[in-house]
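There are 2 protein chains.
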Amino acid sequence: MSVTIKQIKKAYDAAPQLRALDNKQLKKVLMMLADELEKQQSFILKANRADVEKQDPDNPRIDRLRLDEKRIKGIAGSIRKVSRLPNPVGKVLEKRKLKNGLLLEKVSVPLGVVGAIYESRPNVTFDIAALCIRSGNACVLKGSSEAENSNRAAVKIIHQVLKENGLSPAVVTLLSSDRETVQELFTATQYIDVLIPRGSDGLIQFVRQNSQVPVIETGAGVCHVYVQKKADLKKAVDITVNAKVSRPSVCNAMDALLIDQAIAPAFLRKLKPELEQYKVEIFADPVSHRMLKGYPYLRKAKKEDYGREFLALKCAVKVVNNSDEAIEHIRKYSTKHSEAIVTEDKKQAEHFLHEVDAAAVYHNASTRFTDGEEFGLGAEIGISTQKLHARGPFALEKLVTEKWVIRGQGQVR
Amino acid sequence: MSVTIKQIKKAYDAAPQLRALDNKQLKKVLMMLADELEKQQSFILKANRADVEKQDPDNPRIDRLRLDEKRIKGIAGSIRKVSRLPNPVGKVLEKRKLKNGLLLEKVSVPLGVVGAIYESRPNVTFDIAALCIRSGNACVLKGSSEAENSNRAAVKIIHQVLKENGLSPAVVTLLSSDRETVQELFTATQYIDVLIPRGSDGLIQFVRQNSQVPVIETGAGVCHVYVQKKADLKKAVDITVNAKVSRPSVCNAMDALLIDQAIAPAFLRKLKPELEQYKVEIFADPVSHRMLKGYPYLRKAKKEDYGREFLALKCAVKVVNNSDEAIEHIRKYSTKHSEAIVTEDKKQAEHFLHEVDAAAVYHNASTRFTDGEEFGLGAEIGISTQKLHARGPFALEKLVTEKWVIRGQGQVR
Chain C
-1 MSVTIKQIKK
9 AYDAAPQLRA
19 LDNKQLKKVL
29 MMLADELEKQ
39 QSFILKANRA
49 DVEKQDPDNP
59 RIDRLRLDEK
69 RIKGIAGSIR
79 KVSRLPNPVG
89 KVLEKRKLKN
99 GLLLEKVSVP
109 LGVVGAIYES
119 RPNVTFDIAA
129 LCIRSGNACV
139 LKGSSEAENS
149 NRAAVKIIHQ
159 VLKENGLSPA
169 VVTLLSSDRE
179 TVQELFTATQ
189 YIDVLIPRGS
199 DGLIQFVRQN
209 SQVPVIETGA
219 GVCHVYVQKK
229 ADLKKAVDIT
239 VNAKVSRPSV
249 CNAMDALLID
259 QAIAPAFLRK
269 LKPELEQYKV
279 EIFADPVSHR
289 MLKGYPYLRK
299 AKKEDYGREF
309 LALKCAVKVV
319 NNSDEAIEHI
329 RKYSTKHSEA
339 IVTEDKKQAE
349 HFLHEVDAAA
359 VYHNASTRFT
369 DGEEFGLGAE
379 IGISTQKLHA
389 RGPFALEKLV
399 TEKWVIRGQG
409 QVR
Chain B
-1 MSVTIKQIKK
9 AYDAAPQLRA
19 LDNKQLKKVL
29 MMLADELEKQ
39 QSFILKANRA
49 DVEKQDPDNP
59 RIDRLRLDEK
69 RIKGIAGSIR
79 KVSRLPNPVG
89 KVLEKRKLKN
99 GLLLEKVSVP
109 LGVVGAIYES
119 RPNVTFDIAA
129 LCIRSGNACV
139 LKGSSEAENS
149 NRAAVKIIHQ
159 VLKENGLSPA
169 VVTLLSSDRE
179 TVQELFTATQ
189 YIDVLIPRGS
199 DGLIQFVRQN
209 SQVPVIETGA
219 GVCHVYVQKK
229 ADLKKAVDIT
239 VNAKVSRPSV
249 CNAMDALLID
259 QAIAPAFLRK
269 LKPELEQYKV
279 EIFADPVSHR
289 MLKGYPYLRK
299 AKKEDYGREF
309 LALKCAVKVV
319 NNSDEAIEHI
329 RKYSTKHSEA
339 IVTEDKKQAE
349 HFLHEVDAAA
359 VYHNASTRFT
369 DGEEFGLGAE
379 IGISTQKLHA
389 RGPFALEKLV
399 TEKWVIRGQG
409 QVR
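Protein chains in written order, with the working numbering: chain C, -1 to 411; chain B, -1 to 411.
Keep in mind that a hint or two might mislead.
If chains are identical, the list can't say which one is meant, so a pair holds when it fits in one copy or spans any two.
To be verified - Calculated cross-link-like contacts (lysine to aspartate or glutamate; reagent style EDC-like; alpha-carbon spacing at most 16 Å):
1) K95 x E371
2) K26 x E117
3) K268 x D11
4) K8 x E326
5) K291 x E34
6) K26 x E162
7) K37 x D66
8) K104 x D369
Just so you know, these hints were derived from the structure itself, not from any lab.
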């Protein structure tokens, strides 16, 4: 047994300790953790400085790696927020008495052990640990070597609080940041119930392709806004602009705009000056390209510009004949993340909401709302673009599994 | 693009046709299918005979492969049963109005495309197709080459009914039974939402280890019955005997019996003649071995006899000091399938139900109840021993995913 597997097994063995705590006790652990983090701010900032100083100052990841007083405050605030979220464990999801007298209950219970693989941000260590503790799960963490000192300091604080609560430090286990650790996580099906990659698309794909432990994939978002011919022009402009420019680097930002032929000239006339203000680069199909003549940041769309996640002030535009063409385009190019229709025609809206297969579908609202906090679920681990277990914002409420509890009086089959 | 991938893509492209049907229409398709199957009985039996005649008559799988009038009737009956199950699609799982006026709904929707890999039983073709059609999912099926003619005949009947209902035959696609097909299924993440292996443990492990498409694993069951010291002796004997002998070849049968020291002599005295009647081979720990002296089918338990799924009239027996020892033993050896405690002490029972991590936990009832039909969920695809998406009986209700539907009046973030 390798050192890593021994550590993982220790986390698995310690997991029942967390399951045994009640809601109040779990909340208390997190409140103490937030306090302790603020108290030991200089300790963790010093460790973080050592990480930052090791880096090439031109490393673009340096900003994600760096902690400061404000960020520590933010992390402590997040931990307190997680502690106040409703308890995801112990919900009775189904309750029935069978004909033979058996009392059947399906209840939510902790998953057991959560594995996480993440990149340079040291706040992820606290995020995952807090969500796991809150939901009664042990966790094994594999951060990046760049954040080694910061992560060790973070876990030292966490361990201190765990011990003060009579818990084994193994319930939050920091694994070696070596690359080999990842291979061990991938095959530890006996001890780990779910593996969560958090970071770049490359990391997520690598984990999905190689892990035997079930993975929750939080993938890329190629999001569309479809302006139907009965759209209110003002709403359509507001939503399009918001979906594209409010935060272009995130997965719920708009990547492609589809416009009904009938409304396209009037709509684009209104939209043009708004997008120009933000210097949004437009990749237009031939029809919209003609309509956008004179727009300073205009390109001709190539085939690969559809289905592209821009993560920048860029978007594709296409004029369609009707909603069926829009729906078919989305089916072909979307990553099933967030899709919106703008229209005053209720029937058309409902048809779109029903037919489009995505984690979140919107009528007359910006795709930017797809977010755990916005949905009232609290801090999210990511937006799941897969269909099993968690879809859309993957937050505390989904860090559980189900258990059938059957109470009888001696029944046999 | 290979022939197989083209077929899979065709199923993906056709899937929206099923999603567009309402509950009544989907039910009708299944009722017609059941009728057509009975009408075309001689056609499918002839195809099946061709498969059976190809086999070595000593092939133990020949019985699973063989269809007859009674089995056809059974399959048609199952299809009708599935058609009568409650609609798993369109359930509103959550509904909330956000402060900004957005109306948020989480609803159940079809998964999209279900992939299935299975072995010689040709009834699985009908089972999976019926469950998928009922839940609005397209499916791609990879059966075994042994059942090639039977599966082709089955799908011919299914396609006829689909066409009569104006649906593309591609919504139920039978893939080539070649081994290479499996590799293509494993990587078709773009088109397949979940892959379900159905058959031997070897097949399931192979799929889990190699598939990039998410898998629902229906694994082995190493199930325990724990007779606590406050157990009612009659209930304990009834439950133990039922859990072991009523159908030893299935995954919810008991594999190991744990007995509190204090009650062990009295309990084993009562149990012995019952198990002897069925010639149950007992692998006993030293303490119970002494108590079972004279029992004709007695062996000494080796370490590997714990954690063994016997699938036969065999079981391990171990005497424990208390419930903590029993719970720890279960944690170590169980596959988290079905675990039972027999006791009249409610507090002890609740402690066990809470602490033991398994898909189904029982107080004073036989582990044999873990079953989709018994739980009132209808025909099951298997018992899921994993923790994501589906746990325990994996039935129609879990062939869905969730979708967030957000209705606004022009909201932006």
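Hints and how they fare:
no.: 1; hint: K95 x E371; result: between (37 Å within a copy, 14 Å between copies)
no.: 2; hint: K26 x E117; result: neither (29 Å within a copy, 52 Å between copies)
no.: 3; hint: K268 x D11; result: neither (62 Å within a copy, 36 Å between copies)
no.: 4; hint: K8 x E326; result: between (50 Å within a copy, 14 Å between copies)
no.: 5; hint: K291 x E34; result: neither (59 Å within a copy, 60 Å between copies)
no.: 6; hint: K26 x E162; result: within (11 Å within a copy, 62 Å between copies)
no.: 7; hint: K37 x D66; result: within (14 Å within a copy, 75 Å between copies)
no.: 8; hint: K104 x D369; result: between (28 Å within a copy, 14 Å between copies)
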